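2 protein chains.
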Amino acid sequence: MTNRLTVTYRIRASAATIAARAQSVAVEQSVEMPIEAITDETVLRDIVGQVQDIVDRGDGSFSVQIGLALVTIGTDAGQLFNMLFGNVSLQDDITLEDVAITPALTEIFTGPNIGMDALRDRVGAAGRAFTCSAIKPQGLPIAGLADLAARFAEGGLDFIKDDHGMANQTDGRFADRVPAIAAAIRATRSATSYVPSLSGDLDAMRAQMRIASDCGLEAVIIAPMLAGFSTMQTLVRENPRMAFFAHPTLGGAARIAPDLLIGKLFRLLGADAVIFPNHGGRFGYAPATCAQLAANATAPDPVLRRAIPVPAGGMVLARVGEMLDFYGREVMVLIGGNLLLARDRLAAASAEFTHAVAQHSYR
Amino acid sequence: MTNRLTVTYRIRASAATIAARAQSVAVEQSVEMPIEAITDETVLRDIVGQVQDIVDRGDGSFSVQIGLALVTIGTDAGQLFNMLFGNVSLQDDITLEDVAITPALTEIFTGPNIGMDALRDRVGAAGRAFTCSAIKPQGLPIAGLADLAARFAEGGLDFIKDDHGMANQTDGRFADRVPAIAAAIRATRSATSYVPSLSGDLDAMRAQMRIASDCGLEAVIIAPMLAGFSTMQTLVRENPRMAFFAHPTLGGAARIAPDLLIGKLFRLLGADAVIFPNHGGRFGYAPATCAQLAANATAPDPVLRRAIPVPAGGMVLARVGEMLDFYGREVMVLIGGNLLLARDRLAAASAEFTHAVAQHSYR
Chain G
1 MTNRLTVTYR IRASAATIAA RAQSVAVEQS VEMPIEAITD ETVLRDIVGQ VQDIVDRGDG
61 SFSVQIGLAL VTIGTDAGQL FNMLFGNVSL QDDITLEDVA ITPALTEIFT GPNIGMDALR
121 DRVGAAGRAF TCSAIKPQGL PIAGLADLAA RFAEGGLDFI KDDHGMANQT DGRFADRVPA
181 IAAAIRATRS ATSYVPSLSG DLDAMRAQMR IASDCGLEAV IIAPMLAGFS TMQTLVRENP
241 RMAFFAHPTL GGAARIAPDL LIGKLFRLLG ADAVIFPNHG GRFGYAPATC AQLAANATAP
301 DPVLRRAIPV PAGGMVLARV GEMLDFYGRE VMVLIGGNLL LARDRLAAAS AEFTHAVAQH
361 SYR
Chain Z
1001 MTNRLTVTYR IRASAATIAA RAQSVAVEQS VEMPIEAITD ETVLRDIVGQ VQDIVDRGDG
1061 SFSVQIGLAL VTIGTDAGQL FNMLFGNVSL QDDITLEDVA ITPALTEIFT GPNIGMDALR
1121 DRVGAAGRAF TCSAIKPQGL PIAGLADLAA RFAEGGLDFI KDDHGMANQT DGRFADRVPA
1181 IAAAIRATRS ATSYVPSLSG DLDAMRAQMR IASDCGLEAV IIAPMLAGFS TMQTLVRENP
1241 RMAFFAHPTL GGAARIAPDL LIGKLFRLLG ADAVIFPNHG GRFGYAPATC AQLAANATAP
1301 DPVLRRAIPV PAGGMVLARV GEMLDFYGRE VMVLIGGNLL LARDRLAAAS AEFTHAVAQH
1361 SYR
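Here the protein sequences line up with chains G and Z, keeping their order.
The first sequence begins at 1 in the numbering used here and counts up by one.
The second sequence begins at 1001 in the numbering used here and counts up by one.
It should be emphasised that the hints constitute simulated quantities derived from the structure, not laboratory data.
Please note that a few of the clues may not be correct.
[Unchecked claim] Reference listing, derived: stretches of chain G covered by chain Z, where coverage requires no fewer than 3 residues with Cβ under 8 angstroms from a Cβ of chain Z:
| hint | segment |
| --- | --- |
| 1 | 33 to 44 |
| 2 | 98 to 107 |
| 3 | 121 to 133 |
| 4 | 202 to 213 |
| 5 | 339 to 351 |
Bear in mind the structure is a predicted one, so any value in this text is a computation, not a measurement.
Every residue gets a Cβ at the ideal spot worked out from N, C-alpha and C, and that includes glycine.
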């Protein structure tokens, strides 16, 4: 089964419901549509996720192993996370627990450029643990940060990293800060390695990498949850002599209120339409959450254009009227799999959908 | 207070502890170090987060408003999320609830390029809700997807989006898929707008945007949690005539087991060192979780170089021996704020730290 990746989820369920729930996860994380609407034999055989094992953990939850087709992942790190946990991360009965790291996977994602053992040689940390500290606070003038770094270096630390809050703010630009700190450490003649923090988009991070290299630095720190997984993947690939530290910041995004994250912040970033799991569908948002999310997306603002709320996730034709009663005109109705169920009547079913929306009597 | 952004958190706490807990959040999301170690008056006045309000919600939790300095955010979307919820997302008593969208903020982050009202004009959806569907499954040959799209278009849908699982996989490359689907829709002479899904890094997404533009498309879909916030910000800025749909995939990343996310997946992506909240520090990971995370980061693998576990988050000099007993040599000890407390004895304290590690008797 080298063409599949075995992924383990922990799912809260009863013995009576777990088989169906496991199958629903296998579908959600692969084709995301009703199986019975799929006619292509290759898709059914090679693409749809497969439930491989279900084990009762005896605490009201089950360990479920699902085989995901490697071809759905391809070679992109963002898509890896998307297939592992993308949609089901929005369901509250499930945790992504494990992924089997197989040769087929490590042929695509090749891990650290340098790794612990060579880093041990680099900094002279044979036979012992490594040491590290961080310079902060952000907002301190660069000379102050450089002085802190020099003193850490005098103390013989292996690594000194930027605080992860130090980005490229006006009062501490990377291009000004990093050379000054690197020089301060170098002046101590210690073996200390400085690890500046990357921020911004790929262009910005590439420019920062060049500055770090020009300063003779051999390590940087990046926050994968902020940078984007593909961004990190590319930088790692482009800089084979550079070591990468990963910062866990924002590793707990599930606990951002969805009406804020999706309705307000994604709009703030420039989303013209924000898709979210409607109540009564495959996901767990309450009606009040959905209403607030839509209100946030559409509230007038002196600067921000209004965004379209797009409730989705298992919507069906029969719900169009109720959804329009709930959201009014300021919404986009998104129906996916339910329309596809019509198969050779797809155009007609789509027309029923468009007519239902066109002819609705808005309250 | 236009130089501060008011952020609302919901925190589970008792009446006796909430004031101190609120203050700890204000510090964590700004300077991330002991206040008493800060000598710079400007930092204390203008950078450190300020608790602005605490309201008892009567359910064992409190609404806490904290004013974060806008200067710590700068102009980067990734840094915005970092300051809003980065580190405290890793603490399990707190939810990010709201952010006040002020003129100072919308001067930096300007929201949708197009917005609902103009999109209504574009697709001719005056006085009614929008309609949308998705083409899938991934793995279906392109001709099959194009045929589905044409049938949706014949049904008069406003928008047809790619399934978010459709990335740039071998059997459905964006450059092949999108022109074919766009042409199929155009041939129906409907007003339907096709919304292809972006994936990969910034370079890849830019290339996809050019293809979409060349096809005459006016909207794309992006997953901010996958793409990285800064990536989305840049694309929005560079393509002022393009509408962006936001997909919520991976919005629930907190429920990825940390030993997997940090110990295994970040390593897989290329992290040479993975920082994580050690047990007994400011965050809630159990000792067993930390041990497993470290084991995952350091397990031998035929391809992946081993990564260094870096337990952190409120570590102190006095714990060095215990940490080394727990993790052994295969670790990097990261002590930040506690060393900075030494102030003018910083080099000496650092030396104590390095000596403690160098002289430890590993079990």
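Status of each hint after checking the structure:
Here's how the segment 33 to 44 of chain G fares: 5 of its residues keep a CB closer than 8 angstroms to some CB of chain Z, so the rule of at least three is met and the hint holds. Here the segment 98 to 107 of chain G counts 7 residues with a CB under 8 angstroms from a CB of chain Z, which clears the bar of 3, and the coverage holds. Counting residues of the segment 121 to 133 of chain G whose CB falls under 8 angstroms from any CB of chain Z gives 7; the rule of at least 3 is met. Note: the segment 202 to 213 of chain G has 3 residues with beta-carbon separation from chain Z under 8 angstroms; the three-residue rule is met and the coverage holds.
Taking a C-beta to C-beta cut-off of 8 angstroms, the segment 339 to 351 of chain G contributes 8 residues in contact with chain Z, enough for the three needed, and the coverage statement holds.
Checked against the numbered hints given earlier, this structure breaks none of them.
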